[in-house]
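Spelled out, the chains give:
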Amino acid sequence: MYEEILNLAPFDIRQAEKEKIFLPYLKKLTNKHMECSVKYNSVLHGLNFDLNNVEKVSEIPFLPVSIFKSMDIKSIDDKNIYKTMTSSGTTGQKVSKIYLDKKTAINQQKTLAKIMSEFMGNSRLPMLIIDSPSVLRDRFKFSARGAGILGFSIFGSKRIYALNDDMTLNLDGINEFISKYKESKIFIFGFTFMIWQHFCVELEKNEIKLNLGNSILFHGGGWKKLTSLSITTKDFKKKLYDTCGITSIHDYYGMVEQTGCIYVECEYGHLHTSSYSDVIIRNPYDFSEASINEKGIIQVISLLPESYPGHSLLTEDEGVLLGVDDCKCGRKGKYFRVLGRLKNAEIRGCSDTYASQF
Amino acid sequence: MLKLGGVVIRMPVNFNKIKFLVGNKKIVESIFNIAPLKPFDQRVIDYLDILSKKILRSSIAKSYPDIITFGFWCRRSSILSYKEKYIDINNRLGRGIAFHIAPSNVPINFAYSLVAGLLSGNINIIRISSKNFDQIEIMKEIINETLSEFLKDYIILIQYDHDKNITDYFSEICDVRIIWGGDNTIRTIRESSVGSRTIEICFADRNSMSIIDAEYFLKTENKKRIINDFYNDTYLSDQNACTSPKIVCWKGENIDNAERIFWSMLYEKVLHDYELQKVKAVEKYSKFIIYASNHRNIDLQKFGNFLYVINIREIDKDIKDHFGDSGIFYQYHIKNSIEEIVSLFDKKLQTISYFGLKAKDIYQNISNLNIKGVDRIVPIGKTLDFDLIWDGYDLINTMSRYIDLK
Numbered sequence: 001m002y003e004e005i006l007n008l009a010p011f012d013i014r015q016a017e018k019e020k021i022f023l024p025y026l027k028k029l030t031n032k033h034m035e036c037s038v039k040y041n042s043v044l045h046g047l048n049f050d051l052n053n054v055e056k057v058s059e060i061p062f063l064p065v066s067i068f069k070s071m072d073i074k075s076i077d078d079k080n081i082y083k084t085m086t087s088s089g090t091t092g093q094k095v096s097k098i099y100l101d102k103k104t105a106i107n108q109q110k111t112l113a114k115i116m117s118e119f120m121g122n123s124r125l126p127m128l129i130i131d132s133p134s135v136l137r138d139r140f141k142f143s144a145r146g147a148g149i150l151g152f153s154i155f156g157s158k159r160i161y162a163l164n165d166d167m168t169l170n171l172d173g174i175n176e177f178i179s180k181y182k183e184s185k186i187f188i189f190g191f192t193f194m195i196w197q198h199f200c201v202e203l204e205k206n207e208i209k210l211n212l213g214n215s216i217l218f219h220g221g222g223w224k225k226l227t228s229l230s231i232t233t234k235d236f237k238k239k240l241y242d243t244c245g246i247t248s249i250h251d252y253y254g255m256v257e258q259t260g261c262i263y264v265e266c267e268y269g270h271l272h273t274s275s276y277s278d279v280i281i282r283n284p285y286d287f288s289e290a291s292i293n294e295k296g297i298i299q300v301i302s303l304l305p306e307s308y309p310g311h312s313l314l315t316e317d318e319g320v321l322l323g324v325d326d327c328k329c330g331r332k333g334k335y336f337r338v339l340g341r342l343k344n345a346e347i348r349g350c351s352d353t354y355a356s357q358f
Numbered sequence: 001m002l003k004l005g006g007v008v009i010r011m012p013v014n015f016n017k018i019k020f021l022v023g024n025k026k027i028v029e030s031i032f033n034i035a036p037l038k039p040f041d042q043r044v045i046d047y048l049d050i051l052s053k054k055i056l057r058s059s060i061a062k063s064y065p066d067i068i069t070f071g072f073w074c075r076r077s078s079i080l081s082y083k084e085k086y087i088d089i090n091n092r093l094g095r096g097i098a099f100h101i102a103p104s105n106v107p108i109n110f111a112y113s114l115v116a117g118l119l120s121g122n123i124n125i126i127r128i129s130s131k132n133f134d135q136i137e138i139m140k141e142i143i144n145e146t147l148s149e150f151l152k153d154y155i156i157l158i159q160y161d162h163d164k165n166i167t168d169y170f171s172e173i174c175d176v177r178i179i180w181g182g183d184n185t186i187r188t189i190r191e192s193s194v195g196s197r198t199i200e201i202c203f204a205d206r207n208s209m210s211i212i213d214a215e216y217f218l219k220t221e222n223k224k225r226i227i228n229d230f231y232n233d234t235y236l237s238d239q240n241a242c243t244s245p246k247i248v249c250w251k252g253e254n255i256d257n258a259e260r261i262f263w264s265m266l267y268e269k270v271l272h273d274y275e276l277q278k279v280k281a282v283e284k285y286s287k288f289i290i291y292a293s294n295h296r297n298i299d300l301q302k303f304g305n306f307l308y309v310i311n312i313r314e315i316d317k318d319i320k321d322h323f324g325d326s327g328i329f330y331q332y333h334i335k336n337s338i339e340e341i342v343s344l345f346d347k348k349l350q351t352i353s354y355f356g357l358k359a360k361d362i363y364q365n366i367s368n369l370n371i372k373g374v375d376r377i378v379p380i381g382k383t384l385d386f387d388l389i390w391d392g393y394d395l396i397n398t399m400s401r402y403i404d405l406k
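Line by line, the protein sequences are chains A and B.
Under the numbering used here, the residues of the first sequence are numbered 1 to 358, in order.
Under the numbering used here, the residues of the second sequence are numbered 1 to 406, in order.
No lab work stands behind these hints, which were simulated from the structure alone.
Computed from a predicted structure; not experimentally measured.
Even for Gly, the Cβ is constructed at its ideal location relative to N, Cα and C.
Among the hints, erroneous ones may be present.
[Said to hold, decoys possible] Distance ranges between label pairs, derived from CB positions:
| no. | chain 1 | residue 1 | chain 2 | residue 2 | range |
| --- | --- | --- | --- | --- | --- |
| 1 | B | Glu268 | A | Ile292 | 46 to 54 Å |
| 2 | A | Asn48 | B | Glu340 | 21 to 29 Å |
| 3 | A | Glu19 | B | Asn222 | 44 to 52 Å |
| 4 | B | Lys164 | A | Ile81 | 41 to 49 Å |
| 5 | B | Lys85 | A | Asn48 | 45 to 53 Å |
Work out the full structure, taking the sequences as your base and the hints as a guide.
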């Protein structure tokens, strides 16, 4: 089943053809989850959903991503849980819990590898991780940050952490690493905010220039913090160039609820769907499909999740579809932009938020 | 608070951390010299009428319907009609200092709290949220412009950021403490203790419901009016006020027809007038999905993302955990008697609003059913009207003392 999907080249499928592959696959997946998860079944019953009436991918129902924070929802028996992924919520926040069986976990890795091979080639590269090694120490509790690093680590031949446990620069380590691998291309990975705050800003403050011109950088985790500091994509890229000479920079969009299916930014700054995933931008007023260049809420579709009903999810992110099959980079399918988290509501009424100030 | 041989030593408070909107540090310092008043003191009523006139003549206030509503409410004739209901005011005196903690998201609320405090004869210290609301700025101006030499000792409006010392201080010196809403707020404020004789009034998290007689609704010619009333009770405050119904129960014959017309008319109104926040579209959907994940005997009528009506066939114990806001309603058809929905009338239930029924009849039908909640039974459209009897408290009587003369 999924092996056949994985045999598809990651970015060569045109949207019309993709629909033809996705529709029967998603119907099967939906049916499987309906049979294996009582809660999912009850939800679709509540939505008055009938699988027999589905004629388009966009008619497959979606669950809100937040549902994995409010409840345990899975399609496998407890004894088949291979690992449980959690999102990295801040203290007091509820975290998402995603239950994986071995098959889904392996497919996540394979999918990520296929997508990354498009940008990295098939050989593994020396890897510089812009984070501190402490983030992985508790291996039993997979946080999104730890999982991200682990997931991407398979593309690194040698690995080094650029930051110390106290988040300061491990400058000696970095320099040693650079001189050792100066003949090779280097793979740099980190979370957007960490790269900015603990790498770029620190390098600049200490007037250090690194020679990382021959490297490829992947970063993810969202722009929320940088947006609040009014830092744009352009600022981010410029600072990486100024401090390290890096030009090959790829943002990616992904979430713990659909690990493996990342959406990678191409040379033209567009996030691309792969042959294993898709997005639908939905109008916030009725959830109808938005047209190209129309803002909406992002729905993500992945053929991957078999152990939990996460194949079709409504995110809390706003985005815009930029085009289909026609990005200048040559990759087929939809390409889009993420505009950020939906704005928190200012609601009226008398249930109060006052205590937070007290 | 330290006690040495019966002498209370008050912890010093840094008044510099307090922003005075009305009043000043000196007034607070001499607050113990100010005498409580009898309820409905003539000087208070005169002042409220001046305040009312000023508001109703203000060109700035005009664009704030909540200020105007308040202006009407505190005019002389309105206050006098309240006064008539209290026959024992000559035997009553205000308790003394009233410390009010106003809510952060209903800007005009502090003004109603103030009037209740004044009319019951108290000296009022009101902590107002530091959020920037135009209404607070406007009211502050108007109060400062109208305040008489006599009343200035009775009205102190302050703002301060998180500072337990200040809350401790006012809690310790007050004779009445009024906390407007939010269970969390109440919990936090209660970390500051009050004196043993101090009365506390807390407006906790509450919820509300509506009952509609289907046939009466179908027979009503001016349906638009009742739809507008229901809209004002709900969407106007994002269905988030404690008075906003979360569940609508229908009784009588021909319910299917009535509710179909009701919701489609409401939807039309909402589409036209309501600004839906995008994140609310996702939140409402999530609310429903979570409810649907462990309740099978339900169905959803969805009017875009503006209005969700969830039909339920029984009242589950946990239904209140699934109440939402910004346009999500549960709907139940009463088959035989109101006893079917008695589990809704728990401590949390505040207001029953109705259409086509009589308050008296509703009360008669539920009063002997062992109910812990229900503080108001009012017509649809009147749920947000403030009254001196609120949340089950008679504010005048609670905030004043009765002096027994024999």
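Outcome of the hint check:
| no. | hint | in the structure |
| --- | --- | --- |
| 1 | Glu268(B) - Ile292(A): 46 to 54 Å | violated (31 Å) |
| 2 | Asn48(A) - Glu340(B): 21 to 29 Å | holds (25 Å) |
| 3 | Glu19(A) - Asn222(B): 44 to 52 Å | holds (50 Å) |
| 4 | Lys164(B) - Ile81(A): 41 to 49 Å | holds (45 Å) |
| 5 | Lys85(B) - Asn48(A): 45 to 53 Å | holds (52 Å) |
Comparing the model with each numbered hint stated earlier shows that hint 1 is the single one that does not hold.
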